Each structure stands twice: as structure tokens, then as C-alpha cells.
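Chemist: Here are the chains, one letter per residue:
2 protein chains.
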Amino acid sequence: MSPSSTQPDPTTGEAGRAAGATPAPAVDISGVPDATRPRRPVLSDINDTISHPGTVRINVQGAFIVDDEPVTPRSEDYEHDPRDIRLPNHTAVVSHVAVDIGGSLAKLVYFSREPDEGSIGGRLNFIKFETERIDACIDFVRKLQADHQQLNGSAPEELCVMATGGGAFKYYDKTKKALGVEVIREDEMECLIIGLDFFITEIPNEVFTYSEECPMDFVPLPPQPSSIYPYLLVNIGSGVSMIKVSGPRQYERIGGTSLGGGTLWGLLSLLTGARNFEDMLKLAEKGDNSTVDLLVGDIYGTGYNKIGLKSTHIASSFGKVYKMKRAAEREAEDGCNGDFKNHSEEEEVAGSSELPHTPSKFRSEDIARSLLYAVSNNIGQIAYLHAEKHNLPHIYFGGSFIGGHSQTMHTLSYAIRFWSKGTKQAYFLRHEGYLGAVGAFLKRQPRNWGRRNSFEGGKRSSV
Amino acid sequence: MSPSSTQPDPTTGEAGRAAGATPAPAVDISGVPDATRPRRPVLSDINDTISHPGTVRINVQGAFIVDDEPVTPRSEDYEHDPRDIRLPNHTAVVSHVAVDIGGSLAKLVYFSREPDEGSIGGRLNFIKFETERIDACIDFVRKLQADHQQLNGSAPEELCVMATGGGAFKYYDKTKKALGVEVIREDEMECLIIGLDFFITEIPNEVFTYSEECPMDFVPLPPQPSSIYPYLLVNIGSGVSMIKVSGPRQYERIGGTSLGGGTLWGLLSLLTGARNFEDMLKLAEKGDNSTVDLLVGDIYGTGYNKIGLKSTHIASSFGKVYKMKRAAEREAEDGCNGDFKNHSEEEEVAGSSELPHTPSKFRSEDIARSLLYAVSNNIGQIAYLHAEKHNLPHIYFGGSFIGGHSQTMHTLSYAIRFWSKGTKQAYFLRHEGYLGAVGAFLKRQPRNWGRRNSFEGGKRSSV
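Chains as they are written, first to last, in the UniProt record's numbering: chain W, 1 to 463; chain R, 1 to 463.
Next up, chain W with everything else stripped away, as it sits in the complex (with noise of 0.2 Å):
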């Protein structure tokens, strides 16, 4: 390969891979370093990060997805997940941290080396707060900067902030009068592309499609980097956000729906017990829908229909609800011998799925069913048709609404087969929620770090 090859194609702006680069293998998450890629000069990183606080490059050799490691306690304020990702030859120091304020969540990404004296390198890692708790946020990044000067010596001032999402601008004043440190904001849409065309390309086992027989089908890393064009991201947050990306750093928002993880967090916050999230996806892995949805069967009777949908479909989703809700009511005003009681003997005559169980009370369990299903199928809808619009084949699936939540995949995986009729594929991330929050971070970056230059580093927007 010539050493030109790892110079920016003039059509694209890409640098070509590193001499001698070889493709990676598809599954690798030995944490052994790849002997043919080039390693990083180590002195001369720590150097410039001492001169020049913020731009030290992130090396991602051998970089790889840490499973199997005992789950970081829970605290009340934030959630680490258990998913770091370890780079066991990146030995500079890093003094950012980036965070992603959305209108639920803050997502903060920090490298942390390894406490073993054994252990080489570092690892990314992953925590997020709700985001009206923003000073438990604010908090944790404190005690990040108080452990980065007892480590490195520097001035804690030298920790800079990176941040994204809307919180970025709306708590942009409290967080530099909190931390005392610069706060370098960035582009929300820009952030979330970066951060997911970082995981495609670089990270293995990240990227996955969902099936039941296999809930977890690794997609290997492209052979190259531009082969992953053009793509839709559905973003889904408290609110929903669609990206076609052509290319690196050429994106469009096309669509949304306000239809989002707000939504049903918000809902079955009425609705049912919960009190979090994830106690929500519990109650829905145990419900079942068919009591408070209107099924096409429900509306046809037995079986048949003629339009073509099967009769376990939702024909109208709580489309139950009203009318049972109308003959409790109803049957509490007339007694037990008035006309709700004959209706319902009725209704069994007919043949008809309905009322199983006593009418004026529903399960929270199937109300948070129901609902996932309702928000899931909607937003698998509109990214079809979106994807459709646009000619674009694959579909990503980000944001905190999915968490790893198997039926809101299979959802997700499941609409867009049944709208593209088996012609585009739904893709999920382990990250999926930090997708902004990992931009934010590797955009304190010059230009061609990294083995893939899945971005481009370089101006900052430090308005």
C-alpha cells in the first residue's frame, strides 16, 4: 500500500486507512492488539496533552467491548452501564469528558485508566442521569476533575467539558459556573453521526440485528468506512428524531415524531406504578395486549377478514378500553340485571375476545404493553417510510428509549420487515444511548486520529 493512501481522498475528504492496515476481523473481543495496525507514539501524546490540555488523540487499537465484568453498583443518581469499552493502548491522558443533556437523560462519556498496576491503556465509560437531576451530573463530573488532578497533577481547571443536546445550551451557565472549566458545545445532530459512525466502524460486536432466534446477531465492521452510506438514524429519546446521513458530516434531519420514549414514560407514569423505566419494561414483558387493544379478529369475529390483516393484528391500540371502560360504568349505574349484564352474555354469544376479566379494572402490565407496542410500531412505521423516501437501506436505531429492551426491538425489527416487506434491515447498538454523548467526546480530537478516521476532528464551536 502506498504511503499516499493515508492521505484525505479529494472526493470524499476521507483519509484512506493506515499503511499497512489490514481489515478487521469481524468478532474480535480478545482485547489482544491488532500486531499489524501502526501504534500511537505514547511520549509524544503525553506531551501535547501537557501543552495543549484537551487534544490528546484517543488511541482505539484493539478496542473492544468489555462483557463479563461484575456490574458497577447502582447509585440512586445515575446508572453506569456495565458495557466500558476497553483501549488497551490508549496510555495518554485525557483531560475531557463529554455529556449529552437531552430532555430526559444526560449521558456523560470519561476514560478512566485501569486501576491494575498490570493492566495497560484505559477505558471508556458510560453513565447517565436524569435530566432533571442535571446536579447529581454535575456532581460526578467534580469528582471526576478532583481524581484527574490527584492522578495527572494538572489543574483541575484543565478537565474541559464537552456537551451536546439541548441541555447543553439550556444549563450551559450553571455547568461553567459549577465546574469552573471551560464548556465547549457542540452540534447535537453532528455529535449523534459522529458518535454512531465511531461505533460501526470502529467498535466490534457494537452493532447487532435483532430476531427471536437470534437476539443478537453481530454485524462485523465494514470493510471500509465509506461503504456505510447512506443511512437513516431514528434517534429515539423522550421525543424522536430521523437523520438521513450521505456520507461523513453530511446529514439531514427528515423527520421525527413527538411520539417517543417521553411518551411512554410519561403515560404509563399515570397510568400504572412504575416509577422508572425500567420497572415499565418489566410490567410490559408480562402483559398482554389483547385485553385493552382492539384486535382485527376482535372487530371480524372468529378469524375472518377480507383486508388482508391477520386477526392478531392491532386494529386500534387501548381500543378496548373505552367501551369496557363505558359498560363498567354502566353496569355499576344500572346493577347486575340491567342492560350491561345481558350485553355481556351477548358478547360471548358472538364469539367475540373480549371482557375475560372484570371490565372496569386493566392490568398495568398490559397497559405498558400495549403502549410499547403503540410507540414502537409507530416509530418503525414512519422510519420505513422515511428510509423509503429517501432510498436508504439501512436504518439504525438509537437513543435511550431501546435500552437493550428485547420486545421494543423486536418491534422496531419487525415493522420495518413488515413495511419494506423483508427489503431493509433494522439495526440496534449496545451504546445506543450515547451515541451524542461519544461524539461530543471524539470531537476533542485532530484531524485522522484513530485507526478508521470514521470522523473528521477539528473546528470547535466554543460559542
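Hints are not guaranteed to be accurate.
Stated by the list, open to error - Straight-line distance between alpha carbons at most 30 Å, and here's what the computed BS3-like set of lysine-lysine pairs gives:
{"#": "1", "chain 1": "W", "residue 1": "K325", "chain 2": "R", "residue 2": "K424"}
{"#": "2", "chain 1": "R", "residue 1": "K282", "chain 2": "W", "residue 2": "K174"}
{"#": "3", "chain 1": "W", "residue 1": "K325", "chain 2": "R", "residue 2": "K174"}
{"#": "4", "chain 1": "W", "residue 1": "K389", "chain 2": "W", "residue 2": "K421"}
Treat the hints as calculated values from the structure; they're not laboratory data.
Computed from a prediction, not measured in an experiment: that's the story for all the values here.
Here the structure of chain W is known, so what remains is to put chain R in place on it, guided by the hints.
Modeler: Frame of chain W, contents of chain R only:
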């Protein structure tokens, strides 16, 4: 015009317009029959009816919507639509009624003669029942049978029932047994399209566009019935069906969503005190969705954002509920000196528009408005995307969900304009809930009835 113009067009299968017919005037609610239109031979119709009950032609010459008549008192069992359609030139006996039994509502259409001695012709009546009270609907038809017998002297068996919608199958045995008559089942989608084509091409002042400046801007009758194709019908009942119509009897279900009227009614019956649709819509009119929805401005702080969306744009429907509920719970746990109070003060400092009221209480009005916006916006976006994919310039919204409610129409119209950047237009109908019932009613017709042949009559499936 040559006589051959009444023959079916070989390319479309459509019959030409009746000889001597002129294009209809744009707006004509005078009820004065157009003298240039052909009259039907009344006596032969009556003879036909006697020998072949139920096969009479409906004479739609001079048909118009009855405005300004006293509203029929609403029964507990049903709701009588005040907008009858007067058929001043129809004199023959009509010996059929039609019912469209959906997941939530059963819609009935029947013909009645003018009670006054001086008035000629009759009118189409429109009544809806809740599907769960199907017995009330059957009782009503039984009364029509008795009236029919009394007026026409025929045996009550002769008033046959045309039925469509899922309930035509589910309640087939029940209806047939209870009424002792033939129940002729018709395809649901076909009836919707026949009904819609009839309203678009035959009834002046039926179709309109909505804007805040001009809430009901009537669309003139088309110069040629064939000029209305292709179009998209978005039928919003309990669930939503989207049907592409390429020509008379050429249609295909291309999409739909389970987030429809049933979702709104079901969730609002759980979340608010409202016990019927009208109360829910009244609540929505008085609501302020910004107390429960997370707006773009809430995420970005005051005004500023780079994603090109207005600060009042809804980022997440119900996106404020979860965090406010959590905050209220925390307050209850901590007392007023705890974490929450602290946080609340800081929120104000950061310029948030949140928490203007007690966080643990959400107003029913605000919830109703938020959900109405969410469902309507969502349907609007999906309708636009399907119309775009299939290159359909006109989008007609039908179904009982709309119910002539201005906020719903405003949201749907706005969504179509927003997403299509003004290239597509939303159309509404004054009898939007009765498309299927009218279609079933009209199917009981010989070929080439009426003025403009907006449908082919013909084969009946009496499965």
C-alpha cells in the same frame, strides 16, 4: 353528446354521464331541481320495487345538505346527525337500509319520505350507535321495518339490510335472526370508496378544506367525476386505514396505524373524567398542551436551537409528565426541604417554562389536548408519507374520529401542509363518519343510476 357516452369507458370501466346532464353548479343548496337533468320515471320505479324489493334507484337530482333545521333530540341510544341529505326528486319506495358496524361505532343510513303533505321526495338520515349497544341499533331498524310496512303495505321482511364493516360479519347471525330479513354483506373498503366518490361528485357543500381563517371552505363539485383520481383516503375510526384510490373501484389498502380514535377515547377515558367523545373534545378545546408536552423550547431553553424547529414545536408528547411526577414523588418523600425544592428553584434560574402548577396534578383539559394533538399529528405525518410515496396529491380524511371538530381538522391540515411544504391538501367531509354506510346503501342499485355515475352498481356478495 352522443348516446354512446352512456356506455362504459373501456379504459376505466366507467360509464359516461347520462345524456343531457350538465356539469353541476359549484354550490347549490336551493333544493330546486336542475331542469336540465333527466328525470327518472317514477311509476316504473315503484313497480320495480314491488316486484324486486330493494333494487330501486335513488334519484339524487338536486340533492343537498339540510342546514338550519331543528336538531333532532339526541337519544341515549344513538345520535342522529342533523345534516340530512334532502332528495327532493326521489319519490319511489326505498326498501333497504344500510349499516356500517365498526370497532367502536355502528353507522346507519336510511331513507325517509318528507312528512309534510306539500313536500315531495324524501331524505337520507344518518344515525350512529356505539357498537357495544348493537341491540339499540337493531331495535331502531325494527322500528323502521314497522314504519315501512305501515307506509308501503309490504311485508316487513322486504326492508332488507345492507351491512358493512367488521361487525357485518361479527353480528351477522344476530342481526339476521333479530330482524328476520336478508342481511347483505358488502366489502368494507369498497363501500368506503363508493360512499366517498358519491359525496365528492354528487353532493354540493359536502367536501371542504380547513384553515383557521376559513374553517369550512367548500370545494366545488368536480367538472368530471373521473378528475378526482388518484387520491388517498385516510379513514379514522377506532384505528386508521389509508387507502389509495386510482379510479372507480380501483383501490388498495396501502397503510394504516393503530393510533386512532380508539386510542384517544381509550386513554382519555382512563386519564380524564370524560365519559363520551364530545366531552373529551370539549376538554381538549380548553386545554394547554405545554403543561404536559415537552416543547423544543423546554429542551433548549429560551428560543435558541439549531435543529430548525420552532420553540413551540412538540418534541415529546407527554414528555414533561414523567419528570414532574417523579419530582412530586420525591417532594412527598423528602418533605419540602429536600432535594426537590432545591431543584425546582434552580429550574427557574435556568429559564425553564416548566412547573407552572402543582407538579403532581395534571389538568384533564391539558391531557386531552396533548393526546388529540399527538394522534392527529401522527396520522397527518403518516398520511403525508404514504401520499408522497404513491404520488397522490389529494388526501381525504374520513371516519368518526374527526367529528367536525375544528382542532382535529386544524392539526391534520397543518400536518399535511407542514410535511408536504404546501404541496398537498387535506380535504374533509360533513358526513365523514358515514362513507361506508352510504357506500353500502348505494350498492343496492342497478348500474348507471343517478346523475353522474360515480360508482358502478352490480354484483352483491350475499355470503
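Chemist: All hints are to be evaluated individually against the structure, with a verdict given for each.
Modeler: Now the hints, each set against the structure:
Restraint check for K325/W and K424/R: the C-alpha separation of about 39 Å exceeds 30 Å, so the hint is violated. Pair hint K282/R plus K174/W does not hold up; C-alpha atoms about 42 Å apart against a cutoff of 30 Å. Between K325/W and K174/R the alpha-carbon distance is near 24 Å, which keeps this suggested pair within the 30 Å criterion. As the CA atoms of K389/W and K421/W are separated by approximately 15 Å, the hinted pair is consistent with the 30 Å bound.
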